[in-house]
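Enquirer: As a plain string of letters, each chain reads:
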Amino acid sequence: MSNTPVASGSAKKRSRSDLPLAVLMIAPAFIGLAVFLLWPTIYGIGLSFTNFNLLTPPKFVGFNNYIRMIEDPMFWNAAWVTVYYVVVNIGVQTVLALGIAVLMHRLTQSMIVRSLILTPYLVSNVVAALVFFWILDNQLGIGNHILVSMGLERIPFLSQDATVIPTIALINVWRHVGYTALLIFAGLQTIPESAYEAAKVDGASEWQTFWRITVPLLRPILALVLIRTIIGSFQVFDTVAVTTAGGPVNSSRVLQLYIYNMAFGRFQFGYASALSVGLMVILVVITFLQYRLTRAGDTDLN
Amino acid sequence: MTAAAVSAHTVGSAKPFPIGKVLAWTFMGIIMVITIVPFYWMIRTALSSNAALYSGSSSLLPANFNVGSFARVFGIQTGEAAIAQGGSGQSIDFWRYLGNSLVVASLVTAGQVFFSACAAYAFSRLKWRGRDVVYSLFLGGLMVPAIFTFLPNFVLIKNLGLIDSLLGISLPTMLMTPFAVFFLRQFFMNVPVELEEAALLDGSSKIGNFFRLILPMSSAPIATLSVLTFIASWNDYFWPLMVSYSDNSRVLTVGLGVFKAQTPQTGPDWSGLMAATLIAAIPMLVLFALSAKRIVNSIGFSGIK
Amino acid sequence: MKSKIATLLALTTAGALLTSGCAPARTDDAGVIDYWLWDSAQQPGYQACADAFEAANPGLKVKITQFGWDDYWSKLTAGFIADQAPDVFTNHVGKYPQFVDLQVLVPLDDLQATQSINDSDYAPGLADLWKGQDGKRYGVPKDWDTVGYFYDEKVTDAAGITREQLLSMDWNPEDGGSFEKIIAHLTVDTAGVRGDEPGFNKNSVAVYGLASEGAGGENLGQTQWGAYTGTLGWSPLDKNPWGTRFNLDDPEFQKAMAWYYGLVDKGYMPSFEVFGRNSGSYQQVAQRKAVLGMNGSWMISTFATIPDAKLAVAPTPVGPSGQRSSPLNGLADSVTRFAEDKEAAGKWVAYMGSHECQMKIAEAGVVFPARPEATQRSVEVRREAGLDVSPFTVHVEEGTGFTLAVTTNAADISALTVPGFEAVFVGQQDVSSLTELNSQINRLLQLTQ
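Residue numbers (my numbering), protein chains in the order written: chain D, 1 to 302; chain V, 303 to 607; chain S, 608 to 1056.
Extracted from the complex, chain D is given alone in its bound form (with noise of 0.2 Å):
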């Protein structure tokens, strides 16, 4: 990404600024930025000082809704929830994805196969959940009709709390990992092939190439794509709302939703804006380490 502006060689020449016309332009998308993001932040912040419930006027009440929050299990509990979630969550799908993504550039370029993989992205998250809520259901669903035809136990995928989150993140594999796969795979198809050509001359197994060139070559665009899907990942609410609603116990009560039930269940606006800065900025931190970790700014290309 360059922020350099680009000079214009006519508009020296006219020497007049674009200033009217600038103006003009930007306003409906500034004014979007200003009213539903920046003062939304700023409001948002004001407000995890205070008591507000939506009903009666807010109240001023200092940093209670933070020391709240650091002694908070349930907090506590929903941050863990959601961070074993996006583990596993971004863990398969990235490696799922990765499979992929090479096998659509080695094995076969067929349209087909990449309309076919990307097809669960159409559909909403809600969808998703429910075909699956009704695939595992324990007594009825198909899922736990064919374990028990292979003589297997049922599994109570979403009601026990040791399957729960893994499901929950596996469903959303399902849902995305055509989507990644994809944005991988162009990313594969910007290495030259030059490189593969003299990783072959060199007598390199393609396992070989594949560390050798490929993910080294790829690390760039594999950051870029792991930054998106782990901010997305952290915000899951959809899928967790529509099956489990965050039970048994408290084991699937993932942050967002935790935040949710906080401000439109117990009318606690005040606490669930500090909780929403908590999740704002864990998600910064992560943002920032992994941009350190990866480079994501470098490419090894140049």
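None of these hints come from the bench; they were simulated from the model.
Just so it is clear, the structure is predicted and the values come from calculations on it, not from any experiment.
Mixed in with the good hints there might be a few duds.
[As the list claims (entries may be wrong)] The calculated lysine to aspartate or glutamate pairs, modelled on EDC-like cross-linking and capped at a C-alpha distance of 20 Å, are:
no.: 1; chain 1: D; residue 1: K59; chain 2: S; residue 2: D708
no.: 2; chain 1: S; residue 1: K743; chain 2: S; residue 2: D716
no.: 3; chain 1: S; residue 1: K809; chain 2: D; residue 2: D202
no.: 4; chain 1: S; residue 1: K873; chain 2: S; residue 2: D782
no.: 5; chain 1: S; residue 1: K668; chain 2: V; residue 2: E499
no.: 6; chain 1: S; residue 1: K846; chain 2: S; residue 2: E859
no.: 7; chain 1: S; residue 1: K896; chain 2: S; residue 2: D872
no.: 8; chain 1: S; residue 1: K670; chain 2: V; residue 2: E499
no.: 9; chain 1: S; residue 1: K896; chain 2: D; residue 2: E153
no.: 10; chain 1: V; residue 1: K460; chain 2: S; residue 2: D872
no.: 11; chain 1: V; residue 1: K460; chain 2: S; residue 2: D690
no.: 12; chain 1: S; residue 1: K670; chain 2: V; residue 2: D549
no.: 13; chain 1: S; residue 1: K788; chain 2: S; residue 2: E771
[Stated by the list, open to error] Per label pair, the in silico range of CB-to-CB distance:
no.: 14; chain 1: D; residue 1: W76; chain 2: V; residue 2: D434; range: 49 to 59 Å
no.: 15; chain 1: V; residue 1: S507; chain 2: D; residue 2: I45; range: 41 to 51 Å
no.: 16; chain 1: S; residue 1: G799; chain 2: D; residue 2: T108; range: 52 to 62 Å
Even glycine gets a Cβ: it sits at the ideal position worked out from N, Cα and C.
Go by the hints and put chains V and S onto chain D.
Expert: Same frame as chain D, but now just chains V and S:
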């Protein structure tokens, strides 16, 4: 990723054994099956009767074939008939939700892409003081996670009196997203300056250049952005869930949630629920079937730029 | 091609702007009373009332909307926040105090149609439940309910359990009394061995003696364990309504809870995992996966739909107090401050509590209406249909019903009790963890008094 690696190995070398290739295709085949089977199961369940489903039928074909579920979803079955077939007897109007989703997604896509393009043009091709400062504000906006703006935006939309309206759902993303501005600016910068200068010499105005030169030359990235925005908007759940309260503004995703929540005391109306999910999915699947190539390429496109 | 796209884009935008511009921001049309309830089975009965009400009050219309229990409350609270609440809604004793605190309910004493509601028209105690700490009335009683066991007589006959045995069950927290012996006998493993026979495999149960209704954290065991703990002379609160201390730390109570959740380990009741959230006692009995299904009287008509069954109801067992016990709950209709025409909303509320509508509800045969004469009629309707519902009414006649806990901050309390009891049910925590839960709740109540 051993399967992938092994396969790649075989393809690349002089294929001594087809085993690697067989394994790779098997892996790909399994992925395809897992991808597609849930869709089939949706159809199969929607065409089954609840009574048959509850008696534990695991037939691979529709159990006790009937289309009552679709009648329930479109609200053309009487309450009594619906209850008798394991529905809630609630009126639910999926035509309306379909229309609402279409309006919201179109409004968001058209508005976001157009206004973002305007801004991107001003950031890439116009010369004015303070440009970099304002642009960095937009880049800063890229860092704010959506979750953080939901609650304050809800208060805002409420104060604007737009709760439970389609405009209320659309507004926050209708004017821009930082990503859209950033994305389009990158492309506008690549349009050769000489073309624009030549047009200016021919008497064209800057605004004329935007419409006649920049937009047409960037039709591919604009199409990409439109497709991605449309998909995202169509599938959004969290924000519409907060804003919509009645059929006036209920979009498909929220309608589905309501349909599920109307679970009768006799247990979920699985057949109706799957019919509803199918209806929610079909428009996108049709769109996809018509332009799979464009969409698939679009997604790759958005990734590398 | 490009111009086509541009035209299309312009058209959709224009169309979209028009449609959204025209969409009314408020759902309230003049003269339409928006009414919410959560029980799908009761909707036809109230629809009949609404039709009669509309005929008697030209210009007024009632629009009934139903949501499932969980979604009902989240939609309602969200509706209060967003000014999108219904005009009138079915209220629950466990929930309304918080709504009073949030100032979203209209005191019915202020409305013409409801100011002259007469407490004595309703079953004893029902009207009092709906008077807030300020002494004002926030709901007009519409029905009452108690719990009992639904079962298919064909199944119990086949197991050799007689109706007399089921009518005279006793219970204690040590060995569960004759009640536990009966559910043990009704439990059958996949090899056909009964729960009270040698060689019973509790890990492979085909039919459970007692259906599971979850952990019971939300309404403190209303359809789970409240009927047992009620016979210990235990009550959840120091005083009801408006108690300020919970009694979940009582060792006797915890012993009873250990017994109840212990039924899972014995194999007589399914664990949480077996049925998950999709299935309660109705589904388990309907699918012949369980024999005795404890549930509330509001489920009578639902259970009656089970095909090929000879439905019967057994009363809750006699416990250490020498009496039976059952949670007794009464629902009422409330008017919200968001109602545009509050007097009209009050009229509809008053009508639902009137003799006329209550008799229609009695005929619908789903719940017991709050007026004694309508309750009488409801019992007759059921008897004509071949079902003896005295196991429910006995608690009113003998005064063995106890009302559900009424406190402030219900949403915060159930945010603690729901996962708290569930943790014990699934075996994550010991019953002694209820002591910590109790002190959390009490601290919360203390902080907010």
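Enquirer: Indicate, hint by hint, whether the structure satisfies it.
Expert: Going through the hints against the structure:
no. : hint                             : in the structure
1   : K59(D) with D708(S)              : 16 Å, holds
2   : K743(S) with D716(S)             : 7 Å, holds
3   : K809(S) with D202(D)             : 65 Å, violated
4   : K873(S) with D782(S)             : 12 Å, holds
5   : K668(S) with E499(V)             : 67 Å, violated
6   : K846(S) with E859(S)             : 18 Å, holds
7   : K896(S) with D872(S)             : 17 Å, holds
8   : K670(S) with E499(V)             : 64 Å, violated
9   : K896(S) with E153(D)             : 17 Å, holds
10  : K460(V) with D872(S)             : 51 Å, violated
11  : K460(V) with D690(S)             : 8 Å, holds
12  : K670(S) with D549(V)             : 13 Å, holds
13  : K788(S) with E771(S)             : 14 Å, holds
14  : W76(D) with D434(V): 49 to 59 Å  : 41 Å, violated
15  : S507(V) with I45(D): 41 to 51 Å  : 43 Å, holds
16  : G799(S) with T108(D): 52 to 62 Å : 54 Å, holds
Checked against the numbered hints above, the structure violates hints 3, 5, 8, 10, 14; every other hint is satisfied.
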